[in-house]
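Peer 1: Can you make the complete structure from the sequences, with help from the hints?
There are 2 protein chains.
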Amino acid sequence: MTRDDRAAAAGADSDPHERVPDGRLHGDLPVTDAAAAAEHVPDDAAMLVSGFGSVGYPKAVPRALADAAHAGRDLSLSVVSGGSVGGDIDEALVEADAVARRYPFQAREAVNAAINDGRVAFADRHISSLGDDVRFGGLVDTDDSVAVIEAVAVGPDWLVPSTSIGLTHAFVEAADAVIVEVNADQPLALSAFHDVCRSGTPPERDPVPLSAPDERVGGPRIGFDAGKLRAVVETTGRDAPYEFRDPTDVDLRIADHLGDFLEREVRRSRLFEESLRVQFGVGSLGNALMGALGDADLGDRDLIYYGEVLQDGLLDLLDAGALRSASATSLALSTEGQRRLFEDAERYAESVVLRPGDVSNAPALVDRFGVVAVNSAVEVDLYGHVNSTCLGGSRMVGGVGGSGDFTRNAPLSVVALGSTAAGGDVSTVVPKASHVDHTEHDVDAVITEYGVADLRGTSPRERARRLVDCAHPDYRGDLRAYLDRAGEGGGHEPVDLDTAFDWTDRA
Amino acid sequence: MTRDDRAAAAGADSDPHERVPDGRLHGDLPVTDAAAAAEHVPDDAAMLVSGFGSVGYPKAVPRALADAAHAGRDLSLSVVSGGSVGGDIDEALVEADAVARRYPFQAREAVNAAINDGRVAFADRHISSLGDDVRFGGLVDTDDSVAVIEAVAVGPDWLVPSTSIGLTHAFVEAADAVIVEVNADQPLALSAFHDVCRSGTPPERDPVPLSAPDERVGGPRIGFDAGKLRAVVETTGRDAPYEFRDPTDVDLRIADHLGDFLEREVRRSRLFEESLRVQFGVGSLGNALMGALGDADLGDRDLIYYGEVLQDGLLDLLDAGALRSASATSLALSTEGQRRLFEDAERYAESVVLRPGDVSNAPALVDRFGVVAVNSAVEVDLYGHVNSTCLGGSRMVGGVGGSGDFTRNAPLSVVALGSTAAGGDVSTVVPKASHVDHTEHDVDAVITEYGVADLRGTSPRERARRLVDCAHPDYRGDLRAYLDRAGEGGGHEPVDLDTAFDWTDRA
Chain A
718 MTRDDRAAAA GADSDPHERV PDGRLHGDLP VTDAAAAAEH VPDDAAMLVS
768 GFGSVGYPKA VPRALADAAH AGRDLSLSVV SGGSVGGDID EALVEADAVA
818 RRYPFQAREA VNAAINDGRV AFADRHISSL GDDVRFGGLV DTDDSVAVIE
868 AVAVGPDWLV PSTSIGLTHA FVEAADAVIV EVNADQPLAL SAFHDVCRSG
918 TPPERDPVPL SAPDERVGGP RIGFDAGKLR AVVETTGRDA PYEFRDPTDV
968 DLRIADHLGD FLEREVRRSR LFEESLRVQF GVGSLGNALM GALGDADLGD
1018 RDLIYYGEVL QDGLLDLLDA GALRSASATS LALSTEGQRR LFEDAERYAE
1068 SVVLRPGDVS NAPALVDRFG VVAVNSAVEV DLYGHVNSTC LGGSRMVGGV
1118 GGSGDFTRNA PLSVVALGST AAGGDVSTVV PKASHVDHTE HDVDAVITEY
1168 GVADLRGTSP RERARRLVDC AHPDYRGDLR AYLDRAGEGG GHEPVDLDTA
1218 FDWTDRA
Chain B
718 MTRDDRAAAA GADSDPHERV PDGRLHGDLP VTDAAAAAEH VPDDAAMLVS
768 GFGSVGYPKA VPRALADAAH AGRDLSLSVV SGGSVGGDID EALVEADAVA
818 RRYPFQAREA VNAAINDGRV AFADRHISSL GDDVRFGGLV DTDDSVAVIE
868 AVAVGPDWLV PSTSIGLTHA FVEAADAVIV EVNADQPLAL SAFHDVCRSG
918 TPPERDPVPL SAPDERVGGP RIGFDAGKLR AVVETTGRDA PYEFRDPTDV
968 DLRIADHLGD FLEREVRRSR LFEESLRVQF GVGSLGNALM GALGDADLGD
1018 RDLIYYGEVL QDGLLDLLDA GALRSASATS LALSTEGQRR LFEDAERYAE
1068 SVVLRPGDVS NAPALVDRFG VVAVNSAVEV DLYGHVNSTC LGGSRMVGGV
1118 GGSGDFTRNA PLSVVALGST AAGGDVSTVV PKASHVDHTE HDVDAVITEY
1168 GVADLRGTSP RERARRLVDC AHPDYRGDLR AYLDRAGEGG GHEPVDLDTA
1218 FDWTDRA
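Protein sequences appear in the order of chains A and B.
Our numbering puts the first residue of the first sequence at 718, with every later residue one more than the last.
Our numbering puts the first residue of the second sequence at 718, with every later residue one more than the last.
To be clear, the hints were calculated from the coordinates, so they are not data collected in a lab.
Every clue listed holds true.
Straight-line Cα separation of at most 25 Å, SDA-like style, residue types lysine to any residue; simulated pairs:
id: 1; chain 1: B; residue 1: K945; chain 2: A; residue 2: E990
id: 2; chain 1: A; residue 1: K945; chain 2: A; residue 2: P759
id: 3; chain 1: A; residue 1: K945; chain 2: A; residue 2: P873
id: 4; chain 1: B; residue 1: K945; chain 2: B; residue 2: A752
id: 5; chain 1: B; residue 1: K945; chain 2: A; residue 2: S986
id: 6; chain 1: A; residue 1: K945; chain 2: A; residue 2: D874
id: 7; chain 1: A; residue 1: K945; chain 2: A; residue 2: P919
id: 8; chain 1: B; residue 1: K945; chain 2: B; residue 2: P747
id: 9; chain 1: A; residue 1: K945; chain 2: A; residue 2: D761
id: 10; chain 1: A; residue 1: K945; chain 2: B; residue 2: R985
id: 11; chain 1: B; residue 1: K945; chain 2: B; residue 2: G740
id: 12; chain 1: A; residue 1: K945; chain 2: A; residue 2: G917
id: 13; chain 1: A; residue 1: K945; chain 2: B; residue 2: E990
id: 14; chain 1: B; residue 1: K945; chain 2: A; residue 2: R987
id: 15; chain 1: A; residue 1: K945; chain 2: B; residue 2: S986
id: 16; chain 1: B; residue 1: K945; chain 2: B; residue 2: S793
id: 17; chain 1: A; residue 1: K945; chain 2: A; residue 2: T749
id: 18; chain 1: B; residue 1: K945; chain 2: B; residue 2: A901
Peer 2: Written out as structure tokens, the structure is:
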């Protein structure tokens, strides 16, 4: 298949070789202001917003809706995003009491608090399947739904996303109406990163036509039915992206163990004969691990990133020549990272590609490309069950995001986390996970600053011994005492249900 | 793509149009007896056996190994199968104390007891990824490994599987040596069911080249390196398959609710405009649900089965003209069902196809074909977390099998189970699952004999109310009291860790 054949097979929205014309507004468009655009959002709409990794989300229309709510408009929105978004949505709208439901991932205190209070109904879903959750009507009622999308350019039946793609393509397809914010502070040069391809919907979905992690098969545009376009709003304003802390000593020790583990694996398995494909979860630890991977001795193997977010650590690797390419759905960079990227967009676009979130996270591609998944967690239990979302089993901290897409489908799935939390007061290696997001069936290795627990091929009893050795020394005795108690009851996976949660914070 | 192109793209092991020549032994083969063949299995080998759904497993060589163990040979085997196998392996070998490790699914009391006692180390893995688990060396050491495969015909570098395919193709690829049992009691006509295709291995795996659930793209043969063939043993003996109980009143009420639910869904969602593709889990309930689905009013939609096992209920649907086609990896029929199928193999093969287990269960295909997954469980909790494997959180009853492959990737995932177990003494709707195999992120609806809890788009609090309504009336009061206690602690997913397992059997 040639590149053109593939693009045709993908039903790409535009010719991959065709650049977006200069300028941001193309053709006859219903340009208006944010307040007027907000009136196109019904009071109880499903509002499907762009944004992923806290970048590329609409800013003005959500603000206008929040203002309207404060002025007395009675809003009860179901807000659906591809991933996390900024405060214009997850703070302003929530504080205006305008959000009744929120799917499937968020990372801001205001909305988190509302979810934990039960004021906002939240359902936590995998990124890779969210497009279909919306398309087929199981998640929200798409009648009266409105997609509100940030773009760098727009035409009568297409748009070019800004700093993330996420599920925008599915949202404009499923929604009844489309509103586009064209943000003059997001460089038009971002179009060089986007590779939008489609492969249809079940039951006649084609395979995603990618044959390599760095291949391009689509173009920068997302198409939609021209009859849906209700409003175009010209905006300004930067994303409010993640800010990463500097790597801690614990982060660096975890990174060392991960590097050693991967050095052994690339030599052991024919899966890695020519290259190592990796994904890292969002966050400061993930960012630190990305950065540190440049020090690993991979022989002459190429290092390739196939994940959902591009974080600053990957820019460092690219600049150092240690990373061949990076594929993601979001430029989830710090403010400084965005500046670096924007200043040199054309050069970075040679090795960085942004894809739809159901391509970046596609179970089939994670499998076919043999991606090594590295994700963090709240806690991991002695049998390899992982809690990624709920403190104390109940208090949501964000959502499962794409961690399940990668952990479940990668041929090698690593969970990396510091052995303690809350300043050392809590062991993250626990008798029994208080909430389970990833099961023992999916996790191959756990890495803390104390070492690597390789769980592959092990029985639960064997796993427990390896995991105790990765726990903080202060907690190993108590964990062994728990295992002794649990062992009295026998069973494949011994548990002592009476004391399994003795350590879990009830606050 | 034509069928021939697809077969070529698939790297099919033989021309799909070429029938297997008459006769069972082809070419110059190392024919020997089972005892001699057993000597080719090293004492501590990884023994990779055919078999899935308790059919198509080798019988004579495992028996010979058990005999040798009883006679003093010190065996410490790691036994890996695609799915469940018969007593020749999971009883005879285990009772001879010859099995040290066992992966990834089993369903016989002898091995279950040994696993729960800790005498046999068991790791529970998904079927779809087991081929790669074995190929890439993470699960077992494939040096000194031996594939022991039941076939209906064999040549110097190929074999035709018998009543199941399972992971046989991956096992003969990964193993150091191959032993084939050619079973004269398994009809040669079984070759008409097999559609073996390959799509390579990561990082350059191609998409599985199927574009429809009933398509054929391969042929009946599994190829292997001729230098690996150590022994061919001529055997006789029938499978010892599952025996299904007659549907109970509870089964039939669950089937009614499922039928009603699917009737509504096919009218609601464009996913089902032309057909309904379904998968049912192994077991008496699954079998009863399959049979009862013929009564549902699907309009003029075709009913298509895309699952891992063909059970008797599907034969009834085929005979009644209510099922267009069935795709699976195992003919997991009762003895009577096997008789029906064997007597009329050519006719059934027009609408039944057997595939490799990593094709029948491929996450990508479950997604692309839009399969509705219907699986049973041990228990389900108030937030939709599902325990499929461990009674009381610890005592293994079989394994996760393919339930995760389907539940995780289906656009509509149903868990169907009776509301009580142990003769009514235990509620299967519980405050907190004592073991989690499928998470809230993957389960769309729960059906008991009391109704349907549609969990899509619901917050945990909302889910709990719907699930209480599906619990047995005797337990609803206690469940509501639990929810009241849990609610006092707040949080997105309220739990009361002190009493969450008060109901769970400790025995």
